[in-house]
Amino acid sequence: MRELTYIQAIREAIQLEMRTDDKVFMVGQDIRGGVYPHTKGLIDEFGPDRIVDTPIAETGMFGTAFGAALEGYRPIVDYMFGSCAFVNFNESSVMTGQQYFMHGAKSSLPMVMTCAVGLGKRIGNDHAMFIHSTFCRQPGIKVAMASTPYDAKGMFASAIRDNNPVMIPWHTGVMQKRGHVPEEQYYIPLGVADVKREGTDVTVLANSEQLYNVLDLAEELAKEGINIEVIDPRSFVPFDLDTVLKSIEKTNRLIIVDEDWESCGMASTISARVVEHGFDFLDAPIRRICLPNIPIPGGYMEDYTRPTKERIEATIREILQ
Amino acid sequence: MARPYVMPKLAMAMNEGTINEWFIKHGDKAEKNQPLASVETEKVSYDIESPDSGYFCILLQQGETTLCEEIIAYFCDSAEEVEQMAAGASAESAAPTVETVAASTAAVSGKVIDYVMPKLAMAMNEGTINEWLVKEGELVKKSAPLANIETEKVTYDVESPEEGYIYFIAQQGDTIPCETLIAKFCVSHSDVSALAAAASAPAAAQATVAPSNSAAKNPVTSATPAAASTAAATPVLAEGERIVASPLAKKMAKDAGLDLRLVAGTHPTGRIVKRDVVDALARGLQHAPMIGTGAQVGGIRELARIPMTGMRKVISERMMQSLQTTAQLSSAWESDITDLLAARRKFVAREEALGTKVSVNAFIIKAIAYAIKQVPIANSCQDGNDIVIYDNINMGIAISVPGTTQYDTGLMVAVLHNVERMGLVEIDIEMKALIKRVRNGEGTADDLSGSTITLSTTAGIAPPGLSTTPVLNLPNAGLVGPSTPIERPMVNNGEVVVRTMMPVSFTFDHRLLDGEPGSRFMSALHEALENPELMLA
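Chains A and B supply the protein sequences, listed in that same order. FYI, the numbering for the first sequence is 42 to 362, going by the numbering used here. FYI, the numbering for the second sequence is 1180 to 1716, going by the numbering used here.
The following block holds chain A by itself, in its conformation from the complex (with noise of 0.2 Å):
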């Protein structure tokens, strides 16, 4: 079985829809050379119409995709690093958002923005910040990111076939783990979570390189009996709140690791639902995992913020006391 590593299947799952469509075209800061090597050697194939690179300058490349989106190209925007979609936030988010509601239901908005996000690289607070429970927030725009090498090329796809806008960022703790990969196109629908592993006695939420770590844990801990089952959401609008009942129907416990903040992020608005919608399966209350409500410390402090193993294992021996 072909193997590739979670940044080259961005690259094939890009590389195969510009060949499909030709309306697909990408615009951002140095995707012409590949700081990130998700867009390396595509302006040699598509060329610099399809490849446009640009200055430091969000609001300019958002406003490219935006109008062409408009008329009917497919772009994809990377901002390189997800603090970057701030500078234009009101374009990125609220304008595209809302765009095809507050306009009659003309046209649609078919636009995908990507860019890496992620601690553990210690590379500081504006890179490093997760972005994706502030663009939840924003309605009429899918918010999604894939944790595998799989899951990455065939959500991307399904990014780029959405006739809606697509916040797709993707975590730098995963983009060099190696996975199966087909070489041939295929879709994995936003809006559906996959049951990473099975289990019995408490169901973990977790995304990205903290699913990782909750897999790692789920292996450590069925020596000792304890049956973890890990959902990986991949994406959190539409968010698969049916998978997340199923499992607690059996589990009766949630945990939900989320690196984003804690205040008003992912994890609180899944924790409600579950909460409206699951009552009666909880035997527990859910526990949140997140990111303390301070910006992202520099160097080796941000070890001490992130959600780590050791926080995750513990939650779970409270949670099944």
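Heads up, some of the hints might be wrong.
[As the list claims (entries may be wrong)] Residues from chain A that face chain B, not an exhaustive set, calculated with beta carbons under 7 Å: (1) T241; (2) D242; (3) Y253; (4) D257; (5) G266; (6) N268; (7) H318; (8) F322; (9) L323; (10) D324; (11) Q362.
It is worth saying that the hints were derived from the structure and are not from the lab. Given the structure is predicted, the values throughout are model-derived calculations rather than measurements. Ideal placement from N, C-alpha and C gives every residue a C-beta, glycine not left out.
Let chain A serve as the given structure and place chain B on it in line with the hints.
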């Protein structure tokens, strides 16, 4: 030395597992961490890895199911040992070898003294450890209180026969046959730790000693039903107090019609969680009506489910044995106790001087003693091919004691020894003291054994005039069963007058007591009851 491999407990809720498939053949060499078996639980199938290496001896075959912590295989040091273990297992149905114990205690440096379930009374077959009065690993002095042990009849505090650091093999709540190992005395605390480590690692030591122990160590199966049932239907919360329960526990309780006020929460915060509801339902607590729950139509609902254990089990066995091994029959008549009651009133009037308010039962016992003097064979038993007629009269007195719940009762026979030598007042005082001791669980072994004839009265409980057919209390050949008196118009000196008539039954074993002596005994008893002055004889 062969190391046992037990059915692993792969999930908190796992009680038993089925071997779907062994990935290794019997006798093959297993490497550590190699896939060993596919085990199916109630919920999920697991592939388990080998925790050890060695020649593998399979006891539990594919498709078979067993409880967690039961030995299902051995890791052996050689192919020969595999054959030995397999042969031993088939010969003794997987009973462990002595060597296994030796292996698991190999790390113990000093001498270890076994402590077995003591036989505290002749009739004691097994005992339940209500409470260890010392902590495991503690240094116990000789003669120090060691454990509270409950037998079928009595609860004893036993003293330590040895000095040493104690290691428990049987746990609180376990019921163990007499002379079976329940603890060990070690010379050092580290030896206790070594024993504990040896026991917990392969879970072999306790499994080897008594099969019931391993089940008892499993929290799911031990569950001390008697103790649990005692709390049955007793509200944990006062009326109006807030119930703290998980949403799931509340939903489950509502669906099952269980009142959560009856349930104690086991979460560290006191919250009632799923396991508490599951446990309460298993104990049959869901009878309590829930406000707003409509009456169910059709089907049956359990009010309570009471385990037939302990005293109940003994009563059940003895009653069946009595009816199945003797030729017993009951006869009933009525005796006019008007004069007896008049005599009693004179005693009652002198209660202070006599030191007791003499009861009707004391008169009845005295009357029985009178009748036995006339017909001694009524005070007898069959011993093998002999009839044994007793010289003294030890009056077994059936007394009702509380059961494990509000619904059931217990039954004990307290024994008042040598009543033939006692006066009425002495009988009354001694009988009351005896019953009090037994009811309080302070009865001695003598208080509960050695009866030669039995008195089982339903007076005051049964409707007036009822004649009963009591079941013999083995090995006694006779049982007198008075019941509630009734006032009747009787002919007395040619006139119809109101007299108090007491129904009396006599059950006797026709194997050794024919109708002729039986009837003579009943007549003698009748005579004494109607003419209480005869009791002076």
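Each hint, compared with the structure:
1. T241: Interface hint status for T241(A): holds (5 Å vs cutoff 7 Å).
2. D242: 6 Å, holds
3. Y253: 21 Å, violated
4. D257: Cβ of D257(A) sits 16 Å from chain B, so the hint is violated.
5. G266: At about 5 Å, which falls below the 7 Å cut-off, the nearest Cβ of chain B leaves the hint on G266(A) intact, so it holds.
6. N268: 5 Å, holds
7. H318: With a closest approach of 12 Å, the H318(A) hint is violated.
8. F322: Hint on F322(A): holds, closest Cβ of chain B at ~6 Å, below 7 Å.
9. L323: Given a least distance of 5 Å, the restraint on L323(A) holds.
10. D324: 4 Å, holds
11. Q362: Because about 5 Å separates Q362(A) from the closest Cβ in chain B, which is inside the 7 Å limit, the hint holds.
Hint compliance for this structure: hints 3, 4 and 7 are broken, all remaining hints hold.
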